[in-house]
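S.K.: This is what each chain is made of:
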Amino acid sequence: MAEHLKLGRFGEDIAAEHLTRLGYSILKKDFEAPFGQIDVVAQDGDWLVFVEVKTRRVGGIGLPEDAITAKKRRKLISLAYYYLTKYKLPEQKCRFDVISILVGEDGMPIEIRLIKDAFGE
Amino acid sequence: MLARAKTQTVVGIQAVEVSVEVDVSFGLPNFTIVGLPDAVVKEAKERVKSAIKNSGFDFPRARITINLAPANLKKAGAGFDLAIAAAILAASEQIDRVTLENRILCAELSLDGTLRRIDGILPIAAGLGGSQSQLLISSENANEAAVVEDLWAVPLKNLSEAVSFLKGEISPVVPKVNIKKLLDGSGNHSIDISDVKGQLHVKRGLEIAAAGNHNILLIGPPGTGKTMLARRLITILPRLTGEEALETTKVHSVVGLLNNQQPLLTERPFRAPHHTISDVALVGGGTHPRPGEISLAHNGVLFLDELPEFKRNVLEAIRQPIEEGRIVVSRAAGCCAYPAAFLLVAAMNPCPCGYITDPKKHCQCMPLQIQRYLSKISGPLLDRIDIHIEVPSLKYNEIESTSNGETSGAIRMRVEAARRIQRRRYKDGKSNAQLETRRIYKFCFLDADAKELLKHAVIELGLSARAYDKILKISRTIADLANEEEISVQHVSEAIGYRTLDRNLWMR
Numbered sequence: 001m002a003e004h005l006k007l008g009r010f011g012e013d014i015a016a017e018h019l020t021r022l023g024y025s026i027l028k029k030d031f032e033a034p035f036g037q038i039d040v041v042a043q044d045g046d047w048l049v050f051v052e053v054k055t056r057r058v059g060g061i062g063l064p065e066d067a068i069t070a071k072k073r074r075k076l077i078s079l080a081y082y083y084l085t086k087y088k089l090p091e092q093k094c095r096f097d098v099i100s101i102l103v104g105e106d107g108m109p110i111e112i113r114l115i116k117d118a119f120g121e
Numbered sequence: 001m002l003a004r005a006k007t008q009t010v011v012g013i014q015a016v017e018v019s020v021e022v023d024v025s026f027g028l029p030n031f032t033i034v035g036l037p038d039a040v041v042k043e044a045k046e047r048v049k050s051a052i053k054n055s056g057f058d059f060p061r062a063r064i065t066i067n068l069a070p071a072n073l074k075k076a077g078a079g080f081d082l083a084i085a086a087a088i089l090a091a092s093e094q095i096d097r098v099t100l101e102n103r104i105l106c107a108e109l110s111l112d113g114t115l116r117r118i119d120g121i122l123p124i125a126a127g128l129g130g131s132q133s134q135l136l137i138s139s140e141n142a143n144e145a146a147v148v149e150d151l152w153a154v155p156l157k158n159l160s161e162a163v164s165f166l167k168g169e170i171s172p173v174v175p176k177v178n179i180k181k182l183l184d185g186s187g188n189h190s191i192d193i194s195d196v197k198g199q200l201h202v203k204r205g206l207e208i209a210a211a212g213n214h215n216i217l218l219i220g221p222p223g224t225g226k227t228m229l230a231r232r233l234i235t236i237l238p239r240l241t242g243e244e245a246l247e248t249t250k251v252h253s254v255v256g257l258l259n260n261q262q263p264l265l266t267e268r269p270f271r272a273p274h275h276t277i278s279d280v281a282l283v284g285g286g287t288h289p290r291p292g293e294i295s296l297a298h299n300g301v302l303f304l305d306e307l308p309e310f311k312r313n314v315l316e317a318i319r320q321p322i323e324e325g326r327i328v329v330s331r332a333a334g335c336c337a338y339p340a341a342f343l344l345v346a347a348m349n350p351c352p353c354g355y356i357t358d359p360k361k362h363c364q365c366m367p368l369q370i371q372r373y374l375s376k377i378s379g380p381l382l383d384r385i386d387i388h389i390e391v392p393s394l395k396y397n398e399i400e401s402t403s404n405g406e407t408s409g410a411i412r413m414r415v416e417a418a419r420r421i422q423r424r425r426y427k428d429g430k431s432n433a434q435l436e437t438r439r440i441y442k443f444c445f446l447d448a449d450a451k452e453l454l455k456h457a458v459i460e461l462g463l464s465a466r467a468y469d470k471i472l473k474i475s476r477t478i479a480d481l482a483n484e485e486e487i488s489v490q491h492v493s494e495a496i497g498y499r500t501l502d503r504n505l506w507m508r
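Protein sequences, first through last, are from chains A and B.
The opening residue of the first sequence carries number 1 in the numbering used here; numbering runs sequentially from there.
The opening residue of the second sequence carries number 1 in the numbering used here; numbering runs sequentially from there.
Honestly, the hints are just simulated from the structure, not real lab data.
Worth double-checking, as some hints may not be accurate.
To be verified - Quick partial rundown of chain B residues pointing at chain A, CB under 7 Å, derived from the structure:
1. L28
2. P29
3. F57
4. R61
Ideal Cβ placement from N, Cα and C applies to all residues, glycine included.
Could you build the full structure based on these sequences and the hints that come with them?
M.R.: Shown next as structure tokens:
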């Protein structure tokens, strides 16, 4: 597995742990759709939460969350639609969260930040 | 959850009700506005979202669909913000939906929830006067709306204050504006016609123009006071009536020229657009039609300085409004009528260099140049200008002299008296200048001597039929100013003197 994919998988594991600690229950990891995937789908109370995880090494360019561009957001929204359609949940309250993880040089996470309701529409 | 709030928008200078319907349902967070919104209305999304959050309320994380009805009317401007915000709060059950009934909400929101002023609040307020509906507006618009009597207006500072009001927790103080008092103060101008030295016959010409509502053209070399004189025409026109003031103020309100310090126009407007103006800016128009200079000059004076320098299509565009006193602007977005009853004052030099009529200076223009210069003003336009008057350069003793003729106040008394005579005679509010041919012969009655003089003038000076009618109308006004029923020989001879261009004085 390529180095950056390994980092991504590592980040998703940390994110799932972090979410569980905060009281979310993880429904799906790496939900696959024909045109992409959602990192984590979780339940937070009434809310169905689609989580995008971004992991970066210290010294990289910019913050992890900077990588969530408008294009990426649009893609996540259509992925979410796909999910809601597949499981027949048209009236479900849902939102998008972003977890940004900064990994130090020793490979251990330095900072984990959860951005609730990061975007909509 | 569905909620509805009402707001109004202005089409032309008429208010139209727009209903804001909001549906909040669960699902993927989404926010759409339908009902032909323009870019400003679409951006309401961001303003409303931030304003709701920053005022301490919850912005629902849900599918929000907003419909602005009637759906076929194009919506422009930020005046829908408050209604959208209130309807969202009602749909998400943060306020009671019943509180929005019988209330019209018109204000723009800023990100911190402050209510900002919108253009065109006066036509909206005027339409609601005497009705049961309450008008919720920004306190920046308070005085403008307060001009309307019998209106239930509620000025508010910000969104949280608006919500407290809707919940019945506060009742803001409604400002009162006394129109009578405002208008009583009018007529005290900072300028006066006696500021202008000499030029007594031009002042007389302006007096006649004011008395009979005749359009007037001032012709003279540079620096002789044409602009000064034109500016002072509003000081001798009759004082604005309350109705006229409201009508003109409505146009100014739509364009956004008013503020809390000056909620009502108390003086007749004087508009002097630069000669580079476009036809649309002059008569009104645009994708979403807006009134132009001629409508801003409604019930006042439109001054076109350096008349031949205006683009031809611009000048031709005002021909029809001069006749009708209004302009109908038709565009893809809609068609609307603006009032445009103005008194046209134009000024020009007699030739390109300006000095051909000046006895002291030497004119360097070739005859062809002069002809070309004069021909920039079309016959049909000139046809609509009754009085042409020469403004000569002053002699030294006139510049030096301290007696400058009558004050504006004295002249205005005569003008108002002459207007009263016309109102009594025509009964339909028209003035001498607006007489149709049929009524010219009915009301412009010449005595025998006067008839004889006019006959001579027509034959000797080669006056046209058009000039003949104009002279009759001007004579009528001169006789009215003298409070005489019959037009006598001196009235006619004075009137002939105001047709300089018919006599081709300097085109020898």
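S.K.: Against this structure, judge whether each hint is valid.
M.R.: Right, here's what the structure says about each hint:
no., hint, verdict
1, L28, "6 Å, holds"
2, P29, "3 Å, holds"
3, F57, "16 Å, violated"
4, R61, "5 Å, holds"
Checked against the numbered hints above, the structure violates only hint 3.
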